[in-house]
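Starting from the structure of chain A, add chain B where the hints point.
Protein chains: 2
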Amino acid sequence: MSAVASAHAAAALIDGRFVGDVRALVRDGVIAELLTGTPAQPGDTRLGLIVPGFVNAHSHAFHRLLRGRTHGDGGDFWVWREQMYGAAQALTPESYGALAEHVFTEMRDAGYTAVGEFHYVHHQTSGAPYAGHAMELALADAAVAAGIRLVLLDTCYLRGGVGQELSERQRRFGDGDVHAWLERWHALRGAIMADPGRRALVTVGAAVHSVRAVAPADLAVVGRELPADVPLHVHLSEQAAENEACLDAYGMTPTALLAEHGLLRPSLAAVHATHLTDHDIALLGQSRASIVMCPTTEADLGDGIGPAPELRAAGATLAIGSDQHAVIDPLEEIARLELDQRLRMRRRGIFTPAQLWHAGSAGGARALGLRSGVDAQGLPAAPTEPGLRVGDPFDAVELDPDTARTRGADPLQLPLVARAGDVTATIVAGTLTRKDAA
Amino acid sequence: MSAVASAHAAAALIDGRFVGDVRALVRDGVIAELLTGTPAQPGDTRLGLIVPGFVNAHSHAFHRLLRGRTHGDGGDFWVWREQMYGAAQALTPESYGALAEHVFTEMRDAGYTAVGEFHYVHHQTSGAPYAGHAMELALADAAVAAGIRLVLLDTCYLRGGVGQELSERQRRFGDGDVHAWLERWHALRGAIMADPGRRALVTVGAAVHSVRAVAPADLAVVGRELPADVPLHVHLSEQAAENEACLDAYGMTPTALLAEHGLLRPSLAAVHATHLTDHDIALLGQSRASIVMCPTTEADLGDGIGPAPELRAAGATLAIGSDQHAVIDPLEEIARLELDQRLRMRRRGIFTPAQLWHAGSAGGARALGLRSGVDAQGLPAAPTEPGLRVGDPFDAVELDPDTARTRGADPLQLPLVARAGDVTATIVAGTLTRKDAA
Chain A
1 MSAVASAHAA AALIDGRFVG DVRALVRDGV IAELLTGTPA QPGDTRLGLI
51 VPGFVNAHSH AFHRLLRGRT HGDGGDFWVW REQMYGAAQA LTPESYGALA
101 EHVFTEMRDA GYTAVGEFHY VHHQTSGAPY AGHAMELALA DAAVAAGIRL
151 VLLDTCYLRG GVGQELSERQ RRFGDGDVHA WLERWHALRG AIMADPGRRA
201 LVTVGAAVHS VRAVAPADLA VVGRELPADV PLHVHLSEQA AENEACLDAY
251 GMTPTALLAE HGLLRPSLAA VHATHLTDHD IALLGQSRAS IVMCPTTEAD
301 LGDGIGPAPE LRAAGATLAI GSDQHAVIDP LEEIARLELD QRLRMRRRGI
351 FTPAQLWHAG SAGGARALGL RSGVDAQGLP AAPTEPGLRV GDPFDAVELD
401 PDTARTRGAD PLQLPLVARA GDVTATIVAG TLTRKDAA
Chain B
1 MSAVASAHAA AALIDGRFVG DVRALVRDGV IAELLTGTPA QPGDTRLGLI
51 VPGFVNAHSH AFHRLLRGRT HGDGGDFWVW REQMYGAAQA LTPESYGALA
101 EHVFTEMRDA GYTAVGEFHY VHHQTSGAPY AGHAMELALA DAAVAAGIRL
151 VLLDTCYLRG GVGQELSERQ RRFGDGDVHA WLERWHALRG AIMADPGRRA
201 LVTVGAAVHS VRAVAPADLA VVGRELPADV PLHVHLSEQA AENEACLDAY
251 GMTPTALLAE HGLLRPSLAA VHATHLTDHD IALLGQSRAS IVMCPTTEAD
301 LGDGIGPAPE LRAAGATLAI GSDQHAVIDP LEEIARLELD QRLRMRRRGI
351 FTPAQLWHAG SAGGARALGL RSGVDAQGLP AAPTEPGLRV GDPFDAVELD
401 PDTARTRGAD PLQLPLVARA GDVTATIVAG TLTRKDAA
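Heads up: the sequence lines are chains A and B, in that order. Residue numbers for the first sequence follow our numbering, so the first one is 1 and each next one is one higher. Residue numbers for the second sequence follow our numbering, so the first one is 1 and each next one is one higher.
The shape of chain A in the complex, shown without the other chains (with noise of 0.2 Å):
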């Protein structure tokens, strides 16, 4: 890992194209000037061809131990489910700490350059907490260890489904009532930011982990006294059971439930979004509110193809995330996003390569508050084309346009083309780190 204070790149995506020959001058890790058409300066770390750092919206890292084991006998989303409870059962602060770091380096030299972890594993098996957040804090720690920007979106976890207890593997994930959540999760934010190491790359965010954790009174609690500027994600609609029972006991669409409790919002972020009503649809745009969508976890678990360019064209702006960890690659991540749509709908360019630009990048560090500033219309900022600006974080990724699968793509059709090897180098606040170098 190197700091950079200027470098010269040989193309980089700025305003939705690629511009060649581009400085940046770069400080605090901030880009604070580009410049381009110029030659490169003594002194400039040279790059090739550079893309805004992809943004992985949603993340369980310890599902990561699941990789090419649940694949032996079938079943469903509901069988993987307890499977994954088996994985969560084992972890501690150490072993979790030590698994996050190896995952984290994974997703940062597959091109993440930022993480937004939906972290639910709280407390001892037991239920009773650990003394100073010990679980959070690894995982903080293990971000910083990674060189990867984290935003820590801890999660409030009330019930095991609707008008259940938590069963005795879910245990660890809850806080007994969401003004205890609420307690800690303040704490937890003074605590990072209360330590320099940490605050320069975690910030902390917020979830419900979904309707059928956390009951409509406390959802409506969350969305009363959580600042609404905090990013609040919610896993939304992945399974059409969730949809039945939320039907069945409310009468209502998980969406709609979450619009009659105050929750959808600029600042929120719906993961998954797999089986929508055109009314789910209609809530979530004109919210503006921000949708990740898991492409390869949502192909993984059987869940379905959501309906990413109808949400896009209500408003809601589109992220990625790679959720499951079955795959970390960011491009084959975006290009899922494309083609899954196109098996859906039968035609091709469904979004243009720079909206897929977009929804890797930009759109991703929307969902995570990743910007800072507002739009004309006072809601989080995202720009509309995909780039480097200046302002932003100099969070960044070299992609190898030459190589035996790249060689002969416009590049702007990366997202298309290119996968996880592509990636040569990633910056994350200004620090480079080369691949072949790792």
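These are calculated hints, taken from the structure and not from any lab test. Just so you know, even glycine gets a beta-carbon here, dropped at the ideal spot from N, CA and C. Hints are not guaranteed to be accurate.
Unchecked claim - Covered by chain A, according to a simulated footprint, are these stretches of chain B (three or more residues, beta-carbon under 8 Å):
#, segment
1, 62-69
2, 72-86
3, 146-154
4, 301-307
Relative to the frame of chain A, chain B by itself:
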């Protein structure tokens, strides 16, 4: 590249499972003996984890030119086809030979040890023949140079659509009539067989392009006059529009039309088979045909998800192809074969891992006529379980089970985990190529 006389593998896939400490004795590029649970001997080529080489049962090498160049402005299969025709116009034997050597090398490095090239760019743009099979021998020599096994599926392509002449851009594909094609096919086979350097790696198979491009009476001629043991490939029902045109013209589906004219047979390989009726599925299964699924292409072109498990259950044998080469990665192809079905059927484990290995190797070898012998029913041999076998060519791939991506996975589940980047060496006819030495 180096010739292997004997090899020791830390683990090898045999009869559908991984076995440790395997020695393979090789004679004339064929596995003469397999010894398990035995240490390496002096002189053995030392290998890690090996599996049968992947077989790419459907390729149009020149489509590689379009990778990353057709995603700019939407469209559908038919718009893409016009772009593809443009690329086909520019080919010469020299340029196509050089291109094909690159593409075949990309395939071999990705883990494909054999390729079925569905070849129809036979003649000059005027339609006049080149002297001495120039285009076909350019492809054969490209395969020899790249060190990949080639089945040249020389293709009968006689008209531009139901009741239509060849268009100006299709003229170089055609031989005028079916008898002229058959005559050229026999001459080509003779020319390949006459050359020891070529026949070591290259065989000649056949194809009828589609029910669009070959009229029913000509299909019947091919069915009667082509030797029944020659692998015969056909594009089948990739697009709904093909089915509609066929139903309009002949009152039956493309599959039924092939059946009616005597083409359904064990040596037939139907490519895509995306939009089928239940009756089509039954016909293909009863005939013991092979089905070549091309998942990355079928996604890229918005074709749809074909009924792969139903075809297998009906009696067909599955294989894979990279077709238009938007992706050249046998492991991504196999993973998609399973994962797209999960999206379609909303559950996991549509195929077992062993079935996926089989589709990637033995199924493709059967579709290309690469295994001698017949099974108990007198049908072309295709072992039920995937793995290395005595008497098969020593075509194999070494995979690294301890990369950032593959670490921790059950080796048997690698089809759902690994990617081409995890291939460390390929062996074709007993000749080893290490990737880092390439």
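Practice item. Compare the structure with the hints numbered earlier in the document and write down the numbers of the violated ones, lowest to highest. Key: 3
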